[in-house]
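Please work from the sequences and hints to get the whole structure.
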Amino acid sequence: MSEKVFEIAILGRALWELHSLNNEGNVGNVVEPRSVKIIDPNTGEAVTTDGISGEMLKHIHSEFMWLLDGKENLCDACKVLQPERFNYVIKIGKEKPSTVEEAVKKALESCDICDVHGFMIEKPTVARKSTIEFGWALGIPEVYRDIHLHARHALGEKEKKKNDEESEEIRSQMIYHRPTRTGKYAIVTVFQPWRIGLNEARQDVYSYDGERRKERYQLALKAYQLMFTRPEGAMTTTRLPHVVDFEGVIVYSTKPVPVPVISPLKEDYKAEIKKIAETIEGIEVLEFKGVADFVEKIGTLLSKEPYEMNFGGEK
Amino acid sequence: MKWMRLRIHFPSFYSYRIPEYSSQYALALPLIAPSTIKLALVATAIRMSGKVSEGKRIFEYVKDAKVGIKLPKIIVVNSVFIKRLKKKKDQPGFQPSFGVREYVHFSGDLEVYLGFSKIGIPKELITYAQSIRYLGTSDSIVYVKSAEWIDKEPADAVFPSELSKLPEGAIIYPVKDFAKKVTFEQINPYSSKKAGKPYETKYCPILLSKRPKEGKNWKLFVLS
Chain A
1 MSEKVFEIAI
11 LGRALWELHS
21 LNNEGNVGNV
31 VEPRSVKIID
41 PNTGEAVTTD
51 GISGEMLKHI
61 HSEFMWLLDG
71 KENLCDACKV
81 LQPERFNYVI
91 KIGKEKPSTV
101 EEAVKKALES
111 CDICDVHGFM
121 IEKPTVARKS
131 TIEFGWALGI
141 PEVYRDIHLH
151 ARHALGEKEK
161 KKNDEESEEI
171 RSQMIYHRPT
181 RTGKYAIVTV
191 FQPWRIGLNE
201 ARQDVYSYDG
211 ERRKERYQLA
221 LKAYQLMFTR
231 PEGAMTTTRL
241 PHVVDFEGVI
251 VYSTKPVPVP
261 VISPLKEDYK
271 AEIKKIAETI
281 EGIEVLEFKG
291 VADFVEKIGT
301 LLSKEPYEMN
311 FGGEK
Chain B
1 MKWMRLRIHF
11 PSFYSYRIPE
21 YSSQYALALP
31 LIAPSTIKLA
41 LVATAIRMSG
51 KVSEGKRIFE
61 YVKDAKVGIK
71 LPKIIVVNSV
81 FIKRLKKKKD
91 QPGFQPSFGV
101 REYVHFSGDL
111 EVYLGFSKIG
121 IPKELITYAQ
131 SIRYLGTSDS
141 IVYVKSAEWI
151 DKEPADAVFP
161 SELSKLPEGA
171 IIYPVKDFAK
181 KVTFEQINPY
191 SSKKAGKPYE
201 TKYCPILLSK
211 RPKEGKNWKL
221 FVLS
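Chains as they are written, first to last, in my numbering: chain A, 1 to 315; chain B, 1 to 224.
One or more hints might be untrue.
Only pairs whose alpha carbons sit at most 27 Å apart, straight line, appear in this in silico DSS-like list of lysine-lysine [said to hold, decoys possible]:
id: 1; chain 1: A; residue 1: LYS129; chain 2: B; residue 2: LYS219
id: 2; chain 1: A; residue 1: LYS255; chain 2: B; residue 2: LYS123
id: 3; chain 1: A; residue 1: LYS91; chain 2: B; residue 2: LYS145
id: 4; chain 1: A; residue 1: LYS79; chain 2: B; residue 2: LYS145
id: 5; chain 1: B; residue 1: LYS70; chain 2: A; residue 2: LYS123
id: 6; chain 1: B; residue 1: LYS86; chain 2: A; residue 2: LYS94
id: 7; chain 1: B; residue 1: LYS193; chain 2: A; residue 2: LYS96
id: 8; chain 1: B; residue 1: LYS145; chain 2: A; residue 2: LYS297
id: 9; chain 1: A; residue 1: LYS105; chain 2: B; residue 2: LYS123
id: 10; chain 1: B; residue 1: LYS70; chain 2: A; residue 2: LYS96
id: 11; chain 1: A; residue 1: LYS275; chain 2: B; residue 2: LYS123
id: 12; chain 1: A; residue 1: LYS129; chain 2: B; residue 2: LYS197
id: 13; chain 1: B; residue 1: LYS194; chain 2: A; residue 2: LYS4
id: 14; chain 1: B; residue 1: LYS145; chain 2: A; residue 2: LYS129
id: 15; chain 1: B; residue 1: LYS83; chain 2: A; residue 2: LYS123
id: 16; chain 1: A; residue 1: LYS275; chain 2: B; residue 2: LYS70
id: 17; chain 1: A; residue 1: LYS270; chain 2: B; residue 2: LYS87
id: 18; chain 1: B; residue 1: LYS56; chain 2: A; residue 2: LYS123
id: 19; chain 1: A; residue 1: LYS123; chain 2: B; residue 2: LYS145
Rather than coming from a laboratory, the hints here were simulated on the basis of the structure.
In structure tokens form, the structure reads like this:
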């Protein structure tokens, strides 16, 4: 019998160069990068740095899950990446659950992404929390940022000779500004395999059997491998990140104990996690150095099983 | 009174909306409200045991617990513009929208204190406290570094109280706590019964050593 995994945390420092994965928005013709203020735990100083929201990282992970999925195990919404997830299936009348338990059960049974990434349903009103969580990726001071000037191409000489109003408008060059960043980011993500298939409206019931749970567990892990190999966020058509490095720890628990999640902003985060793992039974730490090593270490978890709680029911 | 101390580590940002504030313009509480920690304990008890009855049992002990908090020395609050989906008016479905959400970053770990006046506190309470995974919403991931019983009331912790009893010069934040006569059914989101008013508002003071610094999208507090 292979080992059962209750929780997994990936904590590390990713070095991404010349990317623009997440931005604040447009101010005129300038795209503003995401700036956040943090307190550097190593110096105690407040510093401005770069941030990539947890929403963006979760979005990247769910897209890779979708890409890897055979699609036969996705609901009608997730097949086309409709962001409403199972609520859309109910809205179009394809499913008509009458209770919250039934609504959650149907969503879990029919869809890999709804099960792993969570959903909200309006009627009957119920929300299921994601089994995968991302904190903000925070630039470890300091991240190098630049805003580049670009110009839209003007039309050729032949077109310029036309004097009508429309071509006048096209001829005028439009300038715009786009950011790029280079730096190390503190990554925090937690995956709870034990909750895959768990109908939390009842709390003590798994909605389907073990094999499907393992397939979903593997799908989520494979998506992790891809997202740190090739992060796909904002502006990747022209600012695909140069993935240089990813080093840190994969922490997992084989018993129902929470894995330690210590911020990789701290220089000694690995030592602290290892110390905690030594004192708490059932916590394992896999250190990785580089992207290839990360992919390999996640690969070792693929053969394991998602933990199943034996609740025993209400007495 | 018996006291439990939790040392809580936030590995990334924390975000929990100030009670009654709009979800469109979600300003954050730079501290943990009593109801947040109590609900987290009840939810963790249900999650770890698989029994709603276990959550109900724990609720009976924690509902009137006194909650104090010791904040780290420096707190930063970031204001972030986000794209999101919101419910359509008078018709099913969601529509793309935008909003502002604040995220908090602490300079160190938090300490939360729970004071119990009841006797026979279940020993499992420590286990549940150590297993709390997030406070409030799921993007506020936490790790409870330790949960332990201590003998004395923490002299340096801040306790929420009524407006008239707050110190002068403090920044005041409204926080929710359970109402005196709250029942488990009122806080159970899956209950078919009407919730009524399970919470009451209290106020938490934060005393600063100097005026807060502010930038375009951030505020920095240094506590005294």
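**Request:** Find the hints from earlier in the document that the structure breaks and name them by number, from lowest to highest.
**Result:** 1, 3, 4, 5, 9, 10, 13, 17, 19
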